[in-house]
Amino acid sequence: METTFDLPANIAFGVIAVAIIVAAIRVVTTRNIVHAALWLVVVLGGVGAIYILLQAEFVAVVQYLVYIGAIVVLFLFGIMLTRAPLGEMLDLTNRTMRVGAIITAVILVTIMVFSVVDSFRDEEVDFIAYSGDVAAAQTFADLSAEEQETVLDEVAAIGAEGTDLGPVGRTETVSDSIFRDYLIPFEVISALLLAALIGAIVIARRD
Amino acid sequence: MPNPLNELLRQYLTVAIFAGLGLAMVGAMLGVGWLLRPDRPEPQKYINYESGVDPLGVMWSQSQIRYYVFALLFVLFDVEAVFIFPWATRLEAYGAFGLIEMAVFIFILALGLVYAWRKGVLRWV
Amino acid sequence: MTVLSVLAQLSGPPFESLPIDWHALAPEVVLLSVAVLITLVDSIGLERARPLMPGLAGLGLLGALIPVITLAVEGSDRVLFGGAYVVDDLSLLLKAVFLLSGYVIVLLSTNYIAEGDYWEGEYYNLLLFSLLGMVVMASARDLITIFVALELLSIPAYMLAAWRKGDRRSNEAGMKYLLMGVFASAVMLYGMSLVYGVTGTTLLEPIGLIFAEVGTASVITLGVIFVIIGFSFKVSAVPFHTWAPDTYEGAPTPVAAFLAVASKIAGFVALISLIYFGFLGQSDLIEPLLFILATLSMFVGNLIALRQTNIIRMLAYSGVAQAGFMLAPFAVAASDPETSLKAVVTYLVIYAAMNLGAFAVVIALARKTRSGEISSFGGAFQYAPALTVAMSVFLFSLAGIPPLGGWFAKFSVFAAVVNAGTTAGYVMAVIVAVNSVIALYYYAQVAKTMWMDPVPDGDMTPVGVPPSLGWAIVLTAALTLLFGVLPGLLGDVTDSFDLGHLELLAFPG
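Chains as they are written, first to last, in our numbering: chain X, 2 to 208; chain B, -6 to 118; chain G, 85 to 593.
What the hints contain is simulated information worked out from the structure, not anything from laboratory work. Note that CB positions come from ideal geometry on N, CA and C, so glycine has one too. Please note: incorrect hints may appear among the correct ones.
[What the hints assert, rightly or not] Restricting the straight-line Cα-Cα distance to at most 30 Å, the calculated cross-link-like pairs of lysine-lysine (DSSO-like) are:
#1 G:K260 x G:K249
#2 G:K452 x G:K532
#3 B:K112 x G:K249
#4 G:K260 x B:K112
#5 G:K249 x G:K452
[As the list claims (entries may be wrong)] Which stretches of chain X does chain B cover? Using the computed rule of at least three CB atoms under 8 Å from a CB of chain B, they are:
#6 69 to 77
#7 186 to 200
Start from the sequences and build out the full structure, keeping to the hints where you can.
Structure below.
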């Protein structure tokens, strides 16, 4: 089987992954909370780069626009609003907390890595988003009864494996699924954002 | 058949090269300055510049909560833009249906701005 | 050729939207319109509009109930968006529970919020948005819809918990609830992403079919555990209950009632959708997992409730224990899917009525005593006999004494776990029975204080119960009695559920 994720992509992934891990460790270990927020930018930017490697361009754009553009701004605002001293804080963590955090992290990483590696082994995702096939993405519901059967059989045969459902990475495809399959969540999100804004204004007002 | 993934990533190679060049330029400029400038350290030079007045207090200061509302509004409309972006790529295909759905979405979000304006939280001072 | 048609040719493949059944979506549309209307009225009218708000919110909730009733009368199941949104008898019953609970919460809030000067327009607005999230949740059969509905119902609730801005305990309540809730959302979302990664779909129905076919795989196990843990926070099941007592105590009491009833039921509705429509095939995993959660919730909730001196904290821990009772049928979810699903729904409906009633009486009595201490309610019978009788009805209903509604709820749960015929089911039946006895003790203790103890400060002035609060107590008390005396009423509704798919998911092949 021809591998889709070849050497240059693997090297790029390795470099980005190391950068993310180093930055993520700095986020939780730095004693200056503003530096933590800035290290977070590196983590989020690296994750965005991995989305591009995975051909999820739209998700990458959202990552840069919302997370780095807006969420970090909110973080920094939040930090600037507090009365706490903003320089170095030596009493932020103590030994017990650190040991607890390390144990929790190791256990969690072991479980997650084991389950993902155990289930997917060396399965590869088919990158067909940019192979020229622009047909709209198919969801399981679009398939005919026989095709659904086939998908189920395939899944049952290989065990837990990702089902290939079409060119899922393209922005057009994302848009089509928002306006077709996810129309209700889409409109509900506008209500969610409005409610969040109104509530936050009440809580943040000075009176 | 060429690997479709590499086709995409090759386009991003341009982005990576530009980003790399940009960083290299910054480094080069600072490096040249560091090489050429005379080096005579004095304590006054290390004081933060505050228009000629000696700085008072600590450099981090607590900011006013009222500015937070602006950050919130920014996030709100940032998220709105994220949904308008994919919609715009397929605008013609959706026709009136897409227009109505997006109009409802934007109308509900715009209410947030109306609310903030009428409740007087947008006043800067 | 027009410009538009040329553009349409340039813009890739044609797009066909899925048909939208407006009748099926009418409750949501009405609720959203009323919430938008309140925002507009509040923005335009400012202070002048404040007295209108409770009425507008209450009417809006009752208005949204009308399409629920017409849909129920018409009776056919409607499936929208390829199965992502289903309007059937089950979801209609749950929508009605949410709307009526919301209406009662508005009644409880009317005087409390107006007298406390707590941002009325925004309060009812957020309440309606949160209820909109719950109503959407009742129909959601899709991971993304469930997640968005969960966020819409949670985010306003975080802020409502911190609504008394000047009070540090309210700030603490909101903060704890927010941090725990966001953490739970993150865990749950990670679980959902694993489920999606395995199945390639967000729709619960195909996920259910695939899970039933595939059997176990470690990534499925992890995904399912994470999703269930995420919702365990929402329903305050032990060991994810720690936020509940502090949040209920610090939040405004009507908001505490909202969190204890509507928000908790919404968590259960999500669990019902996920487990009975998606994860049922993974019975070796979900049955033991929920057995543990249910057992821990009942024992820990009841044992800590025994020692509480504050009525709100006691109701919070009793709510944890009640969540345990509601989780109990899930422990036999795959062995006897139909009976256990009906038992959970029955319990949810009755729990809403009796627990809201208990909170209503506490709010009424606290208007006089200005305290949440159980001892401050001593001798309430002497100056507020009607409230004391009502409170006794709710407390004994929560304990499960016939002929009150809680009896039928407990009976359904008991019957469901026994009916399954598994060892775990019989053990669960014993645990339910033991916990019912423990719970009776602390519920009866409160009733005894109110009936027999002397009035602590000797102040015998009667309690002024505002009409809306009184109406809320009458309504909840009537429903609590009705469900107990005529259990067939609710039984008829649950019997009409179309649950043909359950066999397919639970026993594949």
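Check whether the Cα positions of K452 (chain G) and K532 (chain G) lie no farther apart than 30 Å.
Measuring from Cα to Cα gives roughly 19 Å; hence the hint holds.
Is K260 (chain G) close enough to K112 (chain B), meaning Cα to Cα at most 30 Å?
holds, 28 Å
With a cut-off of 30 Å on the C-alpha distance, tell me whether K112 (chain B) and K249 (chain G) pass.
Holds: K112 (chain B) and K249 (chain G) sit about 17 Å apart, inside 30 Å.
Holds or violated: are the alpha carbons of K249 (chain G) and K452 (chain G) at most 30 Å from each other?
Roughly 23 Å separates the two Cα atoms, so the pair holds.
Do the alpha carbons of K260 (chain G) and K249 (chain G) lie within 30 Å of each other, as the hint requires?
The given pair, whose Cα atoms are some 15 Å apart, holds under the 30 Å limit.
Chain B covers the region 186 to 200 of chain X, three or more CB atoms within 8 Å, holds or violated
Check passed, 10 qualifying residues.
Please verify the coverage claim for the region 69 to 77 of chain X: does it have three or more residues whose C-beta sits within 8 Å of some C-beta in chain B?
Held - the region 69 to 77 of chain X has 5 residues with a Cβ nearer than 8 Å to chain B, which meets the minimum of three.
Violation of the numbered hints given earlier is absent; every hint is satisfied by the structure.
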